[in-house]
Amino acid sequence: MATLCDEKTFTEVFRNYAKSLNSYLYYQLGDTSQAQDITQEAFMTLWRKCAEVQLASARGYVFMVAKNKMLNMVERKKVKLNFSKQTVKTQSGITPEHILEEKEFQAALEQAIQNLPEKQRVVFLMSRIDRLKYAEIAELLGISKKAVEKRIYLALDALRKINKQIP
Amino acid sequence: MKHDALLHKWFNDELTDVELEEFKKRQEFKQLQKIKESTDRIEEIEFENELVLNRILSDKEKKNATPKVRRRFLSSIAAAAMLLVLAGVLVNRFSNTSIAVSNSDTSGELTGDFPDESNYILYAQSKIQYDTDSWLTRRDVKLEGKAKFSVKPGKAFQVNTSMGQVLVLGTTFEVSAYNQVFEVSCDEGKVSVKTQEQKSYTLIAGEQLIQSENKMKVSKINQEKLEGFTLREVAEEIEKVYDVKIEFSTNELEERVNTSFVTDDLDKALKTGLGSFGLKHQVLNEKLIKVTDK
Chain U
26 MATLCDEKTF TEVFRNYAKS LNSYLYYQLG DTSQAQDITQ EAFMTLWRKC AEVQLASARG
86 YVFMVAKNKM LNMVERKKVK LNFSKQTVKT QSGITPEHIL EEKEFQAALE QAIQNLPEKQ
146 RVVFLMSRID RLKYAEIAEL LGISKKAVEK RIYLALDALR KINKQIP
Chain G
2 MKHDALLHKW FNDELTDVEL EEFKKRQEFK QLQKIKESTD RIEEIEFENE LVLNRILSDK
62 EKKNATPKVR RRFLSSIAAA AMLLVLAGVL VNRFSNTSIA VSNSDTSGEL TGDFPDESNY
122 ILYAQSKIQY DTDSWLTRRD VKLEGKAKFS VKPGKAFQVN TSMGQVLVLG TTFEVSAYNQ
182 VFEVSCDEGK VSVKTQEQKS YTLIAGEQLI QSENKMKVSK INQEKLEGFT LREVAEEIEK
242 VYDVKIEFST NELEERVNTS FVTDDLDKAL KTGLGSFGLK HQVLNEKLIK VTDK
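Just so you know, the sequences run in chain order U and G. Here our numbering is used: the first residue of the first sequence is 26, the next is one more, and so on. Here our numbering is used: the first residue of the second sequence is 2, the next is one more, and so on.
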């Protein structure tokens, strides 16, 4: 039976979940090195306690350890987001004006995401960027699926309004 | 803006063509679509996956990591509030995220951490059980045997035993457990104890509660409260507290009573502890007291 003490199994668990845990932490802390430190500590705890934690609850376990570690950290930085440089092809072709407009829009979007309440931002980005399912987010955050839907809705409703700022 | 299933299906790219046509008719569609397309271009947060993994896998402490037998107390316990619980057998169901730690060793102690860095020392022939998934919201530990806990500040921390429950109200504490005796002592902070009979007691630093069979003793800072003690046992308690010897000129000492006495005034203690049951005392010297029923 696969146990977490088996290096191969642990590695697989790490590759599956570490990145999304790191993102989850970043969406709250806004600090890449802090997020990575906590991710490392959380998985280190899992590794040390591999005999006590069942494979099925490994993801919940590292999220919980990480959440606990984060409780003591009050400082929050702005969550910075990078947009892919790749330009999107449109039917009208790409014009310099178009690129400029896109950049302005992205800056406005980034700012609007930063201004979202933390709870909405975390859920929105976990869904959108990390592609986690609502049910997964609900489980990891210890909230209901309905609460996830509500937060996504509120985030979308807030974000769509930035369209008006762009001519 | 409308909040319904269609919105979430759209957001998760799960719309059928027909549904999409329907969704496109919405007033907010264009704004939403623009947001969604732009967020699609947000890059994933950078994470040095392999570097972190290697650091963890090469962790030297790993080998001693799982609960290990140790014959010394944790030094950190000294500063912590301490709570001692002695209890009997406990039976409970396991959930799938439940963790059970047993120490089947006959003499050694097992130490370990809870997910939030609270830790425990598990004594010989003892077992604890807790749930990892709910730890953040409910710090419940089931205890069978004897253990000590040092608890990080946070949500309530509760120890359940077959003989009663201990709830930590303050910051840090420690627990241990024996068969058929329920014992809680608090060195710092504040704990609440609920016995099997649903009686609640709050202990502050320096206070202790011991329950065995039908007897209960609560040692408060300057008072000792006894329930179900015979008069002879009450006298023995007074002897222990004041380091004196009590002699009786009566044999009517087997009556079980509920009483209490102060711990800083021998005369008062004798008056309330024994005097209220018709026993009179006479201090013969500093170390010797005579008690009669006349």
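Quick caveat, the hints were computed from the structure, so don't treat them as lab data. Keep in mind that a hint or two might mislead.
Stated by the list, open to error - Quick partial rundown of chain U residues pointing at chain G, CB under 10 Å, derived from the structure:
#1 Q61
#2 R73
#3 V78
#4 K92
#5 R101
#6 K102
#7 K103
#8 I124
#9 F130
#10 Q131
#11 I138
#12 Y159
Said to hold, decoys possible - In the DMTMM-like style, the derived pairs of lysine to aspartate or glutamate whose C-alpha atoms are separated by at most 25 Å in a straight line are:
#13 G:K35 <-> U:D62
#14 U:K94 <-> G:D114
#15 U:K186 <-> G:E23
#16 U:K158 <-> G:D18
#17 U:K110 <-> G:E44
#18 G:K26 <-> U:E174
#19 U:K158 <-> G:D14
#20 U:K144 <-> G:E23
#21 G:K25 <-> G:E47
#22 G:K10 <-> U:E174
#23 U:K105 <-> G:E214
#24 G:K128 <-> G:E44
#25 U:K44 <-> G:D18
#26 G:K35 <-> U:E164
#27 U:K33 <-> U:D56
We treat Cβ as the ideally placed atom computed from N, Cα and C, and that holds for glycine.
How the hints compare with the structure:
1. Q61: It holds, given that the least Cβ distance between Q61 of chain U and chain G is near 6 Å, below 10 Å.
2. R73: 3 Å, holds
3. V78: For V78 of chain U, the interface hint holds, since the closest Cβ of chain G sits about 7 Å away, which is under 10 Å.
4. K92: OK, holds: K92 of chain U within 10 Å of chain G, min 6 Å.
5. R101: Where the cut-off is 10 Å and the nearest Cβ of chain G is about 15 Å from R101 of chain U, the hint is violated.
6. K102: 13 Å, violated
7. K103: 14 Å, violated
8. I124: 13 Å, violated
9. F130: 6 Å, holds
10. Q131: 6 Å, holds
11. I138: Holds. Min distance 8 Å.
12. Y159: 7 Å, holds
13. G:K35 <-> U:D62: 35 Å, violated
14. U:K94 <-> G:D114: 14 Å, holds
15. U:K186 <-> G:E23: At roughly 22 Å apart (the allowed maximum being 25 Å), E23 of chain G and K186 of chain U satisfy the hint.
16. U:K158 <-> G:D18: It holds: about 21 Å lies between the C-alpha atoms, which stays within 25 Å.
17. U:K110 <-> G:E44: The given pair, whose Cα atoms are some 10 Å apart, holds under the 25 Å limit.
18. G:K26 <-> U:E174: 21 Å, holds
19. U:K158 <-> G:D14: Distance of about 12 Å is within 25 Å: holds.
20. U:K144 <-> G:E23: It is violated: about 30 Å lies between the C-alpha atoms, which goes past 25 Å.
21. G:K25 <-> G:E47: 34 Å, violated
22. G:K10 <-> U:E174: Distance ~11 Å between K10 of chain G and E174 of chain U Cα, so the pair holds.
23. U:K105 <-> G:E214: Distance ~63 Å between K105 of chain U and E214 of chain G Cα, so the pair is violated.
24. G:K128 <-> G:E44: 47 Å, violated
25. U:K44 <-> G:D18: Distance ~33 Å between K44 of chain U and D18 of chain G Cα, so the pair is violated.
26. G:K35 <-> U:E164: Between K35 of chain G and E164 of chain U the Cα gap is close to 29 Å, so the pair fails against 25 Å, i.e. violated.
27. U:K33 <-> U:D56: Violated, because 30 Å separates the two Cα atoms, which is more than 25 Å.
Checked against the numbered hints given earlier, the structure breaks hints 5, 6, 7, 8, 13, 20, 21, 23, 24, 25, 26 and 27 and satisfies all the rest.
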